[in-house]
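J.: What follows is the residue order along each chain.
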Amino acid sequence: MKTAQDIKVNNVILIDGAPWIVQRAEYTKSGRNSAIMKMKLKNLLSGSTSETVYKFDDKMEQVILDQIDVTYSYKADDMYVFVDEEYNQYELSAEDIESVMPYIVDGMTDVCSAVFFEGKVISVDLPTTIVRQIDYTEASARGDTSGKVMKPARLANGTNVKVADFCEIGDWIEIDTRTGDYKSRAKAPA
Amino acid sequence: MKSWDIFCQVVDNYGDIGVTWRLARQIATELHQPVRLFVDDLHTFHHICPQIDPQRNCQRLLGVDITHWHPDSTIDPSDIVIEAFGCNLSESIISSMLARAQPPIWINLEYLSAEPWIEECHLLPSPQRHGPAKYFFFPGFTARTGGLLRERDLLAERDRFIIEEKAEFLTNLGVEPAPGSSLISLFTYENPQISSWLDTLVAGEASIQLLVPPGRIQADIEHWLGEDKLVLGACYSRGSVVIHPIPFLSQRDYDRLLWSCDLNFVRGEDSFVRAQWAGKPFLWHIYEQDDEAHLQKLSAFLQLYRQQLDAASAKAMTQFWIDWNRRQDLSEGWTLFTRQRDSLESHAHVWCSKLSMQKSLVESLAEFTQN
Chain X
428 MKTAQDIKVN
438 NVILIDGAPW
448 IVQRAEYTKS
458 GRNSAIMKMK
468 LKNLLSGSTS
478 ETVYKFDDKM
488 EQVILDQIDV
498 TYSYKADDMY
508 VFVDEEYNQY
518 ELSAEDIESV
528 MPYIVDGMTD
538 VCSAVFFEGK
548 VISVDLPTTI
558 VRQIDYTEAS
568 ARGDTSGKVM
578 KPARLANGTN
588 VKVADFCEIG
598 DWIEIDTRTG
608 DYKSRAKAPA
Chain Z
26 MKSWDIFCQV
36 VDNYGDIGVT
46 WRLARQIATE
56 LHQPVRLFVD
66 DLHTFHHICP
76 QIDPQRNCQR
86 LLGVDITHWH
96 PDSTIDPSDI
106 VIEAFGCNLS
116 ESIISSMLAR
126 AQPPIWINLE
136 YLSAEPWIEE
146 CHLLPSPQRH
156 GPAKYFFFPG
166 FTARTGGLLR
176 ERDLLAERDR
186 FIIEEKAEFL
196 TNLGVEPAPG
206 SSLISLFTYE
216 NPQISSWLDT
226 LVAGEASIQL
236 LVPPGRIQAD
246 IEHWLGEDKL
256 VLGACYSRGS
266 VVIHPIPFLS
276 QRDYDRLLWS
286 CDLNFVRGED
296 SFVRAQWAGK
306 PFLWHIYEQD
316 DEAHLQKLSA
326 FLQLYRQQLD
336 AASAKAMTQF
346 WIDWNRRQDL
356 SEGWTLFTRQ
366 RDSLESHAHV
376 WCSKLSMQKS
386 LVESLAEFTQ
396 N
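Line by line, the protein sequences are chains X and Z.
Going by my numbering, the first residue of the first sequence is number 428, and it counts up by one from there.
Going by my numbering, the first residue of the second sequence is number 26, and it counts up by one from there.
Just chain X, same shape as in the assembly (with noise of 0.2 Å):
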């Protein structure tokens, strides 16, 4: 058992039988007020977000949960198929991994975890970073260099993108997935 001032951010805490993954954790502290921790949780079975607050002594109950690596493979009717090592298929809807689904394209080959609850996949994690092309952008407006001045971005999949004047269609640019923010322009994938 931990206390909420242990549990940091991408901890799975379980709260009447339900995983929930801790999405922010601020601790305040002021006068004779107790500390708190105000925590941004998501219940990994139903995708639900609750901003949330706690005593910095209230007891919680951790989880680990298991993950195993998997790759995307392809769609099915509405659900979306990822295989392990061993070839065992996983399949999901959007609901399950609407976190990702931004960045889900065909032919994806990054090395993506599968998260599991008592024995089922529940949701799946992209890599902190990740490479995709732009498939439209508009031509640089200043000229800029610095990577300073930011223009908008379409991905292959549609997903819109803050990227830097410099970029052009074709480019590769590495994204971080837990804020969506454009990175840099890096190299197309081998």
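Derived from the structure by calculation, the hints contain no laboratory data.
You may find that some hints are simply not true.
To spell it out: a stretch of chain X is covered by chain Z in this simulated footprint if at least three of its residues, at any positions, have a beta carbon under 8 Å from a beta carbon of chain Z; those stretches are [said to hold, decoys possible]:
no.	region
1	438-445
2	467-481
3	486-493
From the derived model, a few chain X residues whose C-beta atoms are all more than 10 Å from chain Z [stated by the list, open to error]:
no.	residue
4	452
5	455
6	463
7	537
8	546
9	563
10	566
11	598
12	600
Note that the Cβ used here is the ideal one computed from N, Cα and C, for glycine as well.
Given the coordinates of chain X, assemble chain Z onto it according to the supplied hints.
T.: Here is chain Z on its own, set in the frame of chain X:
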């Protein structure tokens, strides 16, 4: 009709029981709903409410059922359970809550603060491992908080008292206001620098009468006076300053003291709020924390309070409050503060009126729990 349980653990002083007792009374008298107050220290309770018998485990007063709360008490919970100031409920009480067909609404009533983060956390759920969910309820000074404890007829009662009963009340305390004299009530924590303030008062021309109930500042005053012990009913004169030791007062009479004085020095949480309802200038001696977190809380209140105060008054008030709370020399701060007394007085009145337009803490609680 909903029923309420309020749990209070007396940590120190009178703030915890002071706030929960007021809250319980208001639920009983204004919402007309059954309320039980569980308190772990009836002796402290007796100090602020002499009708409480510390020897009796269960008693009823002003519509509130009061129970001496032991850690191993087994309780069949009411519809609404309030744990005041993060006092932890036992596993047995939580199990009883879970066993109810309709689990209670479980509220953690927090300490008062003016810090902006209070608004973000007010009424947020705190889902527990095995339920039911608890909610954090933050009292505060803005519409996005839980508000302040304020009896429905408090301000009308205050205004009526000042006209009809103030003189008699002071006489009963053994205080005869001298013409042109300022009355100041003093109920703060220890502060050795009070000597610099008292020296400044004595050196000034203004006539001051200082009304001092028993409390933690008393030893510092005795030291300054060179007296072994302040004697109740006696008057200690030094220059234009007269110090009146007065008895420890019930909550009702303490309100009346605040209403009778021109300036109030208050401490903690309960008397801090009551001073604001008095509509008079005041100084807040905040509860001190080892890591100085209290200064952040003090600063947050000052920032809010002085928003509509003119620059000179805001500066004077801030300096005097900070000097007092940092236990620094008070002579310069006091001189600046007294220069702005008119402006501070008028602002205190405006501030009180503004706060009274907001929902009271009991109204906010009722709205949250009854809908």
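J.: Indicate, hint by hint, whether the structure satisfies it.
T.: Going down the list of hints, with the structure as the test:
1. Residue count for the region 438-445 of chain X with a Cβ under 8 Å from a Cβ of chain Z: 3. That meets the three needed, and the coverage hint holds.
2. Counting residues of the region 467-481 of chain X whose C-beta sits closer than 8 Å to any C-beta of chain Z gives 6, which meets the bar of three, so the coverage hint holds.
3. Counting residues of the region 486-493 of chain X whose C-beta lies closer than 8 Å to any C-beta of chain Z gives 3; at least three are required, and the coverage claim holds.
4. At the 10 Å boundary, the C-beta of residue 452 of chain X stays outside the reach of chain Z, the nearest C-beta of that chain being 13 Å off.
5. With a least CB separation of 6 Å from chain Z, residue 455 of chain X falls inside the 10 Å interface cut-off, contrary to its annotation.
6. Residue placement check: residue 463 of chain X does not keep its beta carbon more than 10 Å from all beta carbons of chain Z (closest about 7 Å).
7. No Cβ of chain Z comes within 10 Å of the Cβ of residue 537 of chain X; the nearest lies about 33 Å off, and the non-interface call holds.
8. Against the 10 Å criterion, residue 546 of chain X stays outside the reach of chain Z, whose nearest CB is about 22 Å from its own CB.
9. For residue 563 of chain X, the condition that its CB be more than 10 Å from all CB atoms of chain Z holds, with the nearest at approximately 39 Å.
10. The beta carbon of residue 566 of chain X is kept farther than 10 Å from every beta carbon of chain Z, the shortest such distance being approximately 43 Å.
11. Here residue 598 of chain X stays apart from chain Z, with its beta-carbon at least about 40 Å from theirs, past the 10 Å limit.
12. With a cut of 10 Å on Cβ distances, residue 600 of chain X stays outside the contact zone with chain Z, its closest approach being about 35 Å.
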